[in-house]
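Number of protein chains: 2
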Amino acid sequence: MKFIIQRDRLVQSVQDVMKAVTSRTTIPILTGIKITAAAEGVTLTGSDSDISIESFIPKEEAGDEIVEIKQPGAIVLPAKFFSEIVKKLPTDSVEIEILGSLQTVIRSGKSEFNLNGLDAEEYPHLPQIEENNKFHIATDLLKAMIRQTHFAVSTSETRPILTGVNWKIENGDLSCIATDSHRLALRKAKIETEMNESYNIVIPGKSLNELSKIIDDTNELIDIVITENQILFKAKHLLFFSRLLEGNYPDTSRLIPSESKTEITVNTKEFLQAIDRASLLAREGRNNVVKFSTITDNIIEVSSNTPEVGKVVEEIQSQSIEGEELKISFSAKYMMDALKALEGTDIKVSFTGAMRPFVIRPLHDETILQLILPVRTY
Amino acid sequence: MKFIIQRDRLVQSVQDVMKAVTSRTTIPILTGIKITAAAEGVTLTGSDSDISIESFIPKEEAGDEIVEIKQPGAIVLPAKFFSEIVKKLPTDSVEIEILGSLQTVIRSGKSEFNLNGLDAEEYPHLPQIEENNKFHIATDLLKAMIRQTHFAVSTSETRPILTGVNWKIENGDLSCIATDSHRLALRKAKIETEMNESYNIVIPGKSLNELSKIIDDTNELIDIVITENQILFKAKHLLFFSRLLEGNYPDTSRLIPSESKTEITVNTKEFLQAIDRASLLAREGRNNVVKFSTITDNIIEVSSNTPEVGKVVEEIQSQSIEGEELKISFSAKYMMDALKALEGTDIKVSFTGAMRPFVIRPLHDETILQLILPVRTY
Chain Z
4 MKFIIQRDRL VQSVQDVMKA VTSRTTIPIL TGIKITAAAE GVTLTGSDSD
54 ISIESFIPKE EAGDEIVEIK QPGAIVLPAK FFSEIVKKLP TDSVEIEILG
104 SLQTVIRSGK SEFNLNGLDA EEYPHLPQIE ENNKFHIATD LLKAMIRQTH
154 FAVSTSETRP ILTGVNWKIE NGDLSCIATD SHRLALRKAK IETEMNESYN
204 IVIPGKSLNE LSKIIDDTNE LIDIVITENQ ILFKAKHLLF FSRLLEGNYP
254 DTSRLIPSES KTEITVNTKE FLQAIDRASL LAREGRNNVV KFSTITDNII
304 EVSSNTPEVG KVVEEIQSQS IEGEELKISF SAKYMMDALK ALEGTDIKVS
354 FTGAMRPFVI RPLHDETILQ LILPVRTY
Chain Y
4 MKFIIQRDRL VQSVQDVMKA VTSRTTIPIL TGIKITAAAE GVTLTGSDSD
54 ISIESFIPKE EAGDEIVEIK QPGAIVLPAK FFSEIVKKLP TDSVEIEILG
104 SLQTVIRSGK SEFNLNGLDA EEYPHLPQIE ENNKFHIATD LLKAMIRQTH
154 FAVSTSETRP ILTGVNWKIE NGDLSCIATD SHRLALRKAK IETEMNESYN
204 IVIPGKSLNE LSKIIDDTNE LIDIVITENQ ILFKAKHLLF FSRLLEGNYP
254 DTSRLIPSES KTEITVNTKE FLQAIDRASL LAREGRNNVV KFSTITDNII
304 EVSSNTPEVG KVVEEIQSQS IEGEELKISF SAKYMMDALK ALEGTDIKVS
354 FTGAMRPFVI RPLHDETILQ LILPVRTY
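Chains as they are written, first to last, in my numbering: chain Z, 4 to 381; chain Y, 4 to 381.
Keep in mind that a hint or two might mislead.
Identical copies look the same in the list; a pair holds intra-copy or inter-copy alike.
To be verified - The calculated EDC-like cross-link candidates involving lysine to aspartate or glutamate, where the alpha carbons are at most 16 angstroms apart (straight line), are:
no. : residue 1 : residue 2
1   : 83        : 125
2   : 137       : 176
3   : 343       : 213
4   : 343       : 125
5   : 90        : 279
6   : 83        : 43
7   : 330       : 279
8   : 264       : 328
9   : 330       : 98
10  : 336       : 125
11  : 237       : 200
12  : 294       : 304
13  : 5         : 115
14  : 191       : 368
15  : 137       : 63
16  : 294       : 328
Bear in mind the hints are in silico, worked out from the structure with no lab data behind them. It should be emphasised that the depicted structure is a prediction, and the values quoted were computed from it without experimental measurement.
Given the sequences, and given the hints that come with them, work out the whole structure.
Right under this line is the structure:
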């Protein structure tokens, strides 16, 4: 194997596939990045066996030569060292060559690295995925859907299925749902597809988080293919595989109340900042709980009291308070997470009593909702 | 106590005095910030008993009213909460008032905090310092002198005196010296003074580091007063006290070789980057050592070899190599620290053999030098 490549393109691809590489693996070859040079270009692969990422650097693009392949071949290089090396190389072009069997030379200007490689034949094969049933979604929409749901997955392994995000596809609708059983995030969107099949899968929250870090915020379409135990995201020059979680995701539809007894409308940012301040003194406590109550004249009071430190009272002017008076307590962290996930300047919060879950929605957007279970303190 | 103050000025002063506050103190009142409101303005104080910082906010500045004092007084508020609160307050102006004995209210817009304060009478008094003997130095020069020396102090408590920077003042010259016994940093400057006394003191490295974070990069003069066991830095509206380390600092002057057998001149940045790359594979090893050797045609080779990972060879074109051929090994970290501390595009390295300390200087600047002890490997 021997090729000359533009350093910046190499650095970018290495950074992308590094998202799948972990040093905490029991399979030594997975601490490496697989590099394959073929006639069409260079392919880099990283994997932790849950997530696998393949990044392709074409021989040329828009008339520019990016890679000059001198001899095809493949090698696995230690990911940590290789990624640090390429970032710090002195010149814009890098030559990579296998000498002998696994000794790999990286040359750039007057800098020459010799790395001990591993046999590329021993690198695990990526899943073979039939692409009969695929659908498409705009990359920036996918990123938004991930951002608006994945934070609500459970971080505890008590119920492993809740560490994933539930994706349901039916009749051209995609619903993404995450819950840790104390709060729930739901986001829906239309997708482009010719398939009739419906799916109900659970994608590890960590996989979606890594994916959203490496896809660009563009409106280009990304292809998605689902198999029995894998999901594949195909962007330009990028393949992202994730295993799916096994097991049945709980039916969350009955959790979402269909009616409400108190509804408030309030500016998102003002509400978020008031909750943030009200929770400042409560963070010491075990659960970071704030109290919320409606007052006359459309005023909302958010407060917390930590006797050893002090207390806070925040008044927020809401656009409207409809229905019954209410006093309720909830986790300030969950509320702030939910408010940050919503778009739009104003939100509506619908309560059905102090002991029932309540729902937060943007004012004019039915595609997203956040649900929070209150805490018993009043 | 009651006053109304501009939030931004309060936030800035709180951030400054917070540099002296630690949560790991055995004296509970030192986890707080002391706030004193008097006719002239508001004074904030933070201290960990080694460092004390006092920041003054004047009643008015350049015709602008900054503080409106309604009633003088003093209180100590929990530093961690108070600093987080002021940063997040909603309006540009903040009212602070003591209710009853120690209950303190912080009001801003519709936000109201009640904090449990501590009695300001119990806050330790800052050292009383006679200002007979003081000298002045430009703030940006002081910052540079700290940056160029303090990194070389020892982090080990085996010889506590080496955790400080040795300041020697004599005949209008200030020398700052730091060494951890493996390397040494020295910086000299002229100071403005009318005093005849000479001083030889040791300032904790940590104190200088915190000081350099809060003083601005201006050419305004900063006053410095030295007493038996304290040093005081006086900038505009800011007092910074540090205790001095007790004990005698070793005489370092005889460590610095006066002659050399090999001298090289090289571009600072190119040399730094080559050392950085050469050390990439060596970082795994215990001591991060690189090999340096002179080759013909003014070429320098820097290399390292970690058999289990691989090896690196870097060639650097120097402006000149004078004197004997040389092979020497040294810590890449110490060399990079030294090169980052120097100013100027080119440096001169003067060696007196593979086993002797060597000296790095900017090409045309006699006020600064860095010294490194080699490592025995060749």
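Hints, one by one, checked against the model:
In this assembly of identical chains, residue 83 and residue 125 lie within 16 angstroms of each other by CA distance neither inside one copy nor across copies; the values are 19 angstroms within and 53 angstroms between. Proximity of residue 137 and residue 176 under a CA criterion of 16 angstroms is satisfied intra-copy only: 14 angstroms inside one chain copy versus 76 angstroms between copies. Taking the closest pair of Cα atoms, residue 343 and residue 213 never come within 16 angstroms of each other, the shortest separation being 19 angstroms inside a single copy and 35 angstroms across copies. For the homomeric pair residue 343 and residue 125, neither the shortest alpha-carbon distance inside one copy (44 angstroms) nor that between copies (43 angstroms) is at most 16 angstroms.
When the C-alpha separation of residue 90 and residue 279 is checked against a cutoff of 16 angstroms, the pair qualifies only between copies, where the shortest distance is 11 angstroms, while the shortest distance within a copy is 39 angstroms. In this assembly of identical chains, the alpha carbons of residue 83 and residue 43 never lie at most 16 angstroms apart, being 26 angstroms within a copy and 58 angstroms across copies at closest. Proximity of residue 330 and residue 279 under a CA criterion of 16 angstroms is satisfied in neither setting, with 19 angstroms inside one chain copy and 60 angstroms between copies. Taking CA atoms no more than 16 angstroms apart as the test, residue 264 paired with residue 328 passes inside one copy only; the shortest distance there is 9 angstroms, against 88 angstroms between copies.
Proximity of residue 330 to residue 98 under the C-alpha cut-off of 16 angstroms is found in neither arrangement, the shortest distances being 67 angstroms within a copy and 29 angstroms between copies. When the C-alpha separation of residue 336 and residue 125 is checked against a cutoff of 16 angstroms, the pair qualifies neither within a copy, at 46 angstroms, nor between copies, at 36 angstroms. Taking the shortest alpha-carbon separations for residue 237 and residue 200, neither the intra-copy value of 20 angstroms nor the inter-copy value of 75 angstroms comes in at or below 16 angstroms. In this assembly of identical chains, residue 294 and residue 304 lie within 16 angstroms of each other by CA distance solely inside one copy; the values are 8 angstroms within and 67 angstroms between copies.
In this assembly of identical chains, residue 5 and residue 115 lie within 16 angstroms of each other by CA distance solely inside one copy; the values are 15 angstroms within and 68 angstroms between copies. In this assembly of identical chains, residue 191 and residue 368 lie within 16 angstroms of each other by CA distance solely inside one copy; the values are 10 angstroms within and 66 angstroms between copies. In this assembly of identical chains, the alpha carbons of residue 137 and residue 63 never lie at most 16 angstroms apart, being 28 angstroms within a copy and 68 angstroms across copies at closest. In the homo-oligomer, the alpha carbons of residue 294 and residue 328 lie at most 16 angstroms apart inside one protomer (14 angstroms), although the nearest pairing across protomers, at 76 angstroms, exceeds that limit.
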